[in-house]
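Undergrad: Sequence:
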Amino acid sequence: MGDHWHVRVLVVEDERLLADAIAEGLRRESLAVDIAYDGDAALERIGVNDYDVVVLDRDLPTVHGDDVCRAVVESGVTARVLMLTAASHVRDRVDGLGLGADDYLGKPFAFAELVARVRALGRRARPAAPPVLARAGVRLDPARREVQRDQRPVALSRKEFGVLEELLRADGAVVSAEHLLEKVWDENIDPFTNVVRVTMMTLRRKLGEPALIETVPGSGYRLK
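In terms of the UniProt record's numbering, the sequence shown opens at residue 1 and continues consecutively.
Derived by calculation from the structure, the hints in this document are not laboratory data. Treat the hints with care, as some may be off.
Mimicking SDA-like on lysine to any residue, the simulated pairs with C-alpha atoms at most 20 Å apart in a straight line are [as the list claims (entries may be wrong)]:
(1) K224 to E214
(2) K183 to V115
(3) K224 to R135
(4) K159 to L212
(5) K206 to L133
Source: prediction; values computed, not measured.
Please construct the entire structure, taking both the sequences and the accompanying hints into account.
TA: Okay, structure coming up:
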């Protein structure tokens, strides 16, 4: 993955087959993706989750896509909005952008273009990250997906890489299991799962001795 962080996306689309297809395709691109099939559900998820990009169909039931877009902009969250619509007129695109959408994509669209636009918006949703993260002899290069400890290459799975990246970004501060679930996985994950603990065990083993990751009881984890 070429991005410098894990991008979390909300797909808002009332055509369920299309929504599911978009979500599955984005997940194959290593993005964390949630789905809402109407405007009400979208506003509920945006209120409780930290999204980088909202892929938003304009013609939604219950709450129109325009109103969802307006609510996102007025809330002050950093999520970027990519609006989708079957309307092809320039006036429609101008109206959508005028509501505060960051980008606009007409249906039908090429999936590769959707991915490229989501990634571009994801980069804009967060401040620029350093090209390489380093602490305590660990060096993580997000662009090349490479990790070294004391100049020794360390092969990690995608989730292990994501967990280590979040710990490095915290720069010694404690990172909760809930934060890791939100950033590295998505809402489909069981909040009571032990997947973070298991991933942390394998990550510690791969990083080797002396141990770098400290468990802070009742709070989470941090890099020494």
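Undergrad: Please write out, lowest number first, the hints stated earlier that are contradicted by the structure.
TA: Of the numbered hints given earlier, the structure breaks none, since each of them holds.
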